[in-house]
Each structure stands twice: as structure tokens, then as C-alpha cells.
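Visitor: The lines below spell out each chain.
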Amino acid sequence: MRDLIEGVIFVFIGLFVMYWLIPAGVQVPSRMPNPALSPAFWPGIVSGLLIASGALLTIQSGVRLLRFGGGQKKPEVSGEELPVGFLKPALALGLLVPYYLACLYLGLLIPSIFAYVAYAFLAGQRSVPVLLCSGVLLPVAVTLFFVKIANILIPVGPLDGLIR
Amino acid sequence: MIENLLAGAALFADVHSILALFVGVIIGVIIGAIPGMSTVLAVAVVLPFTFTLAPIPAILLLAGVYKGGMYGGSISAILINSPGTPAASCTMLDGYPMATQGKGRKALQMSLYASCFGDMVSNIALILFAAWLASFALNFGAPELFTLVVFSLTIVASVSGDQILKGVITASIGLALATVGTDFIAGTQRFSFDYTPLRGGISLVPVLIGLFALPEVLRIYFRSKAGNKVVAVLGSDGLSVREFFQHWRTLLRGSFIGVVLGVIPGLGATPAAFLSYGEARRLSRDPNSFGKGNPEGVAAAEVGNSSVGGATMIPLLALGIPGDVITAVILGAFMIHGLQPGPLLFQSNIDVIYALFMGLMAGSLMLMAVGMLLIPTLGRIIRVQRALLLPGVLVLSVYGSYAVNNSFIDVLTMMIMGVIGLLMVAFAFPRAPLLIAFVLGPLLEDNFRQSLLMSQGSWNIFFNSPITWLFWTLTVLSIVGTVLTRMRARKGA
Numbered sequence: 001m002r003d004l005i006e007g008v009i010f011v012f013i014g015l016f017v018m019y020w021l022i023p024a025g026v027q028v029p030s031r032m033p034n035p036a037l038s039p040a041f042w043p044g045i046v047s048g049l050l051i052a053s054g055a056l057l058t059i060q061s062g063v064r065l066l067r068f069g070g071g072q073k074k075p076e077v078s079g080e081e082l083p084v085g086f087l088k089p090a091l092a093l094g095l096l097v098p099y100y101l102a103c104l105y106l107g108l109l110i111p112s113i114f115a116y117v118a119y120a121f122l123a124g125q126r127s128v129p130v131l132l133c134s135g136v137l138l139p140v141a142v143t144l145f146f147v148k149i150a151n152i153l154i155p156v157g158p159l160d161g162l163i164r
Numbered sequence: 001m002i003e004n005l006l007a008g009a010a011l012f013a014d015v016h017s018i019l020a021l022f023v024g025v026i027i028g029v030i031i032g033a034i035p036g037m038s039t040v041l042a043v044a045v046v047l048p049f050t051f052t053l054a055p056i057p058a059i060l061l062l063a064g065v066y067k068g069g070m071y072g073g074s075i076s077a078i079l080i081n082s083p084g085t086p087a088a089s090c091t092m093l094d095g096y097p098m099a100t101q102g103k104g105r106k107a108l109q110m111s112l113y114a115s116c117f118g119d120m121v122s123n124i125a126l127i128l129f130a131a132w133l134a135s136f137a138l139n140f141g142a143p144e145l146f147t148l149v150v151f152s153l154t155i156v157a158s159v160s161g162d163q164i165l166k167g168v169i170t171a172s173i174g175l176a177l178a179t180v181g182t183d184f185i186a187g188t189q190r191f192s193f194d195y196t197p198l199r200g201g202i203s204l205v206p207v208l209i210g211l212f213a214l215p216e217v218l219r220i221y222f223r224s225k226a227g228n229k230v231v232a233v234l235g236s237d238g239l240s241v242r243e244f245f246q247h248w249r250t251l252l253r254g255s256f257i258g259v260v261l262g263v264i265p266g267l268g269a270t271p272a273a274f275l276s277y278g279e280a281r282r283l284s285r286d287p288n289s290f291g292k293g294n295p296e297g298v299a300a301a302e303v304g305n306s307s308v309g310g311a312t313m314i315p316l317l318a319l320g321i322p323g324d325v326i327t328a329v330i331l332g333a334f335m336i337h338g339l340q341p342g343p344l345l346f347q348s349n350i351d352v353i354y355a356l357f358m359g360l361m362a363g364s365l366m367l368m369a370v371g372m373l374l375i376p377t378l379g380r381i382i383r384v385q386r387a388l389l390l391p392g393v394l395v396l397s398v399y400g401s402y403a404v405n406n407s408f409i410d411v412l413t414m415m416i417m418g419v420i421g422l423l424m425v426a427f428a429f430p431r432a433p434l435l436i437a438f439v440l441g442p443l444l445e446d447n448f449r450q451s452l453l454m455s456q457g458s459w460n461i462f463f464n465s466p467i468t469w470l471f472w473t474l475t476v477l478s479i480v481g482t483v484l485t486r487m488r489a490r491k492g493a
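Sequence order for the protein chains is C and P. Residues in the first sequence are numbered consecutively from 1, following our numbering. Residues in the second sequence are numbered consecutively from 1, following our numbering.
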């Protein structure tokens, strides 16, 4: 059943790309000597491929459903790795947003220190000395490597004078 | 030839050259192994040091980094399911399952031995057949490259496991992502929506890191107590020489594929790795075991990607044409030292060429030694809890993505691809086809359109030469073979 829904979704995505995204997003010169040379030609082929494969997936899943009925076997989980609730995964994904935004304004180093500590804590590390040591040492080491050895300009925000 | 070899050996047997090569291999392995860093970054790091070196140590330093990086990428691919290089994403398909089954040591050794084997074969091809292979590469024009890439894309079926249609869907997404940016013929914008950072297209490294490394980091938050576990187990079982050479057909076939693809400028190690893997799976007696921890899969991927290294030096040395970014840097190193790669180099500086050949051969042996020494150290690193190691991978991924173009848009790309990668894992969509298609998409489209320009719109150009017919035939055979294999598997089930 899930494959059927996925197939239908990709058919719609393909149609969306073909009939809305390509006309809106691809600038086509007014005169092209050959349609195959048009900037929209290749994206059109790809969206057609997406529609076709989505349709085939839908048909394949439909046939399978008709033959064998619905209900997918749920994967077994061990007692140690039970799925968690909604909060932890949502936080893990959600923290990416402030991490990225903080990097824009504060450079990479300080947000990375906080991100490391936050993610390690969220993953279950509870030893504060370990969290702080590794949370500071790793981003600093990586920053120094890029700035001093690789000579790549890494924005470090307020710590710019200290690092350089 | 013997005199030239001896002259080259004499030139190579200098402590600076040997040391430069050794240091290059170590740097390449270490940086290549870190997700978020790439071989290109490793080469960029050592390039300034080459300015003060003599020509041979300078070039051997870069060559050593290239060799080391080819193997190094497989280390993180095997141990933490996060490839350090694009080509290592193929090694990951069987390498990581082996590591989770407690066979990490075996997987690393298989990867190492296969890398050295492929590297040695490509070095021999370079020494013995450089001129012939270079002239063969010259026969590849836009139509030939197009048909070759079409054939290469059929490997999507091999790396999709049981989910071929889902693999085609993700490959389509990869092809679509590759179209973002400036159209190279019309010069107009595609899908950039007047957002300047997108005009240059989407970079490969953030896509790679986001698709493979970030989901591994985020997955531990979807399972309780996953953070307390170690990332993988090295295990005590090693790989015997006999076990390794049981896969001699795969090793030779993969080496051949890597050499042929390496000689053609622009293709790189990733298609070679996947093509070698795809062929190994197709011809295997037990194709269903691929993707579930089959050592032959690791061997096929690594021998394919490592045998590209020496072969990419063929167009560089014989024709002065760099095959990829790294050989372009090596070309720069040649020119900085007053050497012009091409036919004249073979006449005026043949001793330098043979010194380089000797160095490349020695580099393969050094890679073996460095790899064997590193494996116990890696065993200690992977004993670190996931809760400490994987957030570190996240930080490295952010830095690595930024470092590509000094742009935060690449960091954003990496994070978005990470979420997409996580969804793909959750809904059982294979990720490798997206990467393959993303890498090959520009080659496919550019050569297609160049061919039509050359033929003034006639599609006959794709059927004009024996090489195009060869690859069309191989493509059809590959598709038919895949369909028949699937039908047989269903009947058997």
C-alpha cells in the first residue's frame, strides 16, 4: 500500500515539474534551432522519466495488492532499540535550523560547539566534562586545521582575532 | 625501455621523493577517511608545499595524496556508513553491512587489498600502454561519451537491490538536481529563480555528505539507546590472501573497467566503482547477497575506483589533458616546475616520466603498509560511542560543505539533502542511484547536446561509430539481463 501511495506521489511530482516548475524555472531563448537543444528539453525528459517510473511503481504495487492483499510486515525491533517518541527526532531535525542560522551570524566555530554539545546530550551522553571537552576541542581543532593548515577562510565571527 | 626504467629508478631513489610519496599517502588516507573532507581538499592542502619541492617529490606528494584518498574514503564508508569520497559510496553498499556483522576488519582489509591491486594494475597499464590507451581515449567524442554514460546509468539497477523502480525514481531526482544552474549552451538559467548562489548549480560534495553522512548522524535520534552503542565492530577475523584471490575474476574485471574509464577524461572514479560493482553483482552466482555484506561487493567497488588513479595519468602525461580535478592540480604542479605534460615530455624528460612511474608503483606498496598500520588505530576510534562520534561527524560535515566554495548555501544544501536522505532511508528508497545520476547527469546532457550541435540536429550521430554501437548493445544487454534476472528470482520465490 505504501509503495502505491509513493508511486502516485511521484507521478504528481513529475507532472508538477513538467507543467509548472519547468515553465516557471527554465528560461528558454525565443528561437532554438533544435528543440532537443532547448534548456527545457532535458528537464522535460527527466520529469517524464519520473512520471513513468512513478506510474510503474503504482501499477506494480496495485498488482501486488490485488494478488497478495495489503499489510506490510513490520520490521522487528530489538528491546534495546525501541523507536522513541516524537520529541527526540523532532529536536534532532529542528536543531539544524538554529545551527544553520547561527552559523550565518556567528561563524562556524561557536555554533558548532553548541551544536556538538546539544546533539551529544540528545544522543544520551550525560557526562558534563566529556561533553564540554569534546564539544570545545573538536570544533576548535577542525577550525584550526582549515584556517592554519588548509588555508581555507572559515568565518569564526567574534573569535576572528583570536583564531587568526 | 630498461635503460629508461633504470634512469627513472635512480631519479626516484631519493629520500625526498620517497618521503614525499609516503607523507602524501598518509595525508590522503587520513583526510579521505574523514566524512566532510575529500581528496580534492587533501590535494588543495598539500599543494602549497609542492612549490618549494623539486619536480619529482612535488608530483609524487600529490600522487600519494590521490592514492591515499581513493582508499581513505572507504574507511568511513565501511565503519560509519558515511563515505569520505563519492566513489566510496559504492564500497559502503557491502562494506557497512560487513562492519555491522562484526566483520569490519575483513571489510577494511578487502578494501585495502583491492585498492592496492587496482592501483598496481592501473600503474602497469600506465607504464606499458600509455601511448595506446591515450590514442584509444582520443576516439571518444561526444556521441561515444554519451552512449558510455547511458550504459553507466544502467548500473542504477544493480545498486537498487530489489527496488529497481525506486532506484529509477531516485536516479531521476539526481538527474533533475544536476540540471540546476546555468545552461551551458543557451547561457540561460534553470531553476535558480534569480537566486544568485544557485546559478552555478548544486555542488557535489554537499549532496554527497548530506545524502550519506547526515542521515547516519540523525538516525541515532530515532532509536533509544542507539547513542550508547559503538558505531561498528572491527572483529578479529582477518582476510587471508587465499580468500582475497578467490575473487580474482572480479578484481581483474574491475581493474579493466577502472583503467578504461580512467583513461577517458571527465568520467572519474565514481562511475568506475559502480560499474565494476554492477558487473560483479550481475555475474555473481549469488547476486542477492550483494548489498548485505558480500566481500566481493567491497572488492569490486574498491578495485574499480582505485584502478582509475593510474589511468587518469595517461591522458595527463600523454596528451596534457587532465582527467579530473585532481589531475588538473597535478598538471598545475608540472607546469609550476617547468614541465609541460604531453608528447614532448616523453621525448625531453623521459627520466622524469619513469621516475614518476617508479614512484606510483612504490606508492601502491606504501598504501598497503599504511593501510595495514592504520587498521588497529581505526579499531580504537570506532569504539567511541556514537553519541560522541556522530555529532563530530555533523560538525565536520558542516565545515566540509562550507569549505567547498566558502558558501553557506552549500551548508544549507547539505542539511536539506540530509533530511531527504533520511526520508529515503525511512521509505526504503536507495540513495546511491541519486548520487550516480547526479554525477553522470551533466556528462550525459552536455555530451548529448554537443553531439546534436556537431551533427546539426541529426540523431544519426549516436549510431555512427563502432564505439557507440558497442555501448548501445551493452546497454540493451544490461537492461535485458536485469529484467530476466528479476523474473527468474520471482519465479524462484
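Source of the hints: derived by calculation from the structure; they are not laboratory data. Please note that the accuracy of each hint is not assured.
One side only, chain P facing chain C, incomplete, derived with CB under 8 angstroms [stated by the list, open to error]:
(1) Ala44
(2) Phe191
(3) Phe193
(4) Thr196
(5) Leu198
(6) Arg199
(7) Tyr221
(8) Val395
(9) Val398
(10) Ile409
(11) Val411
(12) Glu445
(13) Leu453
Bear in mind the structure is a predicted one, so any value in this text is a computation, not a measurement. The beta-carbon is built from N, C-alpha and C at its ideal position, and this holds for glycine as well.
Visitor: Please go over all the hints and tell whether each is borne out by the structure.
Guide: Results of checking the hints against the structure:
{"no.": "1", "hint": "Ala44", "verdict": "7 angstroms, holds"}
{"no.": "2", "hint": "Phe191", "verdict": "4 angstroms, holds"}
{"no.": "3", "hint": "Phe193", "verdict": "6 angstroms, holds"}
{"no.": "4", "hint": "Thr196", "verdict": "15 angstroms, violated"}
{"no.": "5", "hint": "Leu198", "verdict": "10 angstroms, violated"}
{"no.": "6", "hint": "Arg199", "verdict": "11 angstroms, violated"}
{"no.": "7", "hint": "Tyr221", "verdict": "4 angstroms, holds"}
{"no.": "8", "hint": "Val395", "verdict": "5 angstroms, holds"}
{"no.": "9", "hint": "Val398", "verdict": "6 angstroms, holds"}
{"no.": "10", "hint": "Ile409", "verdict": "11 angstroms, violated"}
{"no.": "11", "hint": "Val411", "verdict": "6 angstroms, holds"}
{"no.": "12", "hint": "Glu445", "verdict": "5 angstroms, holds"}
{"no.": "13", "hint": "Leu453", "verdict": "7 angstroms, holds"}
Comparing the model with each earlier hint shows violations of hints 4, 5, 6, 10; every other hint is respected.
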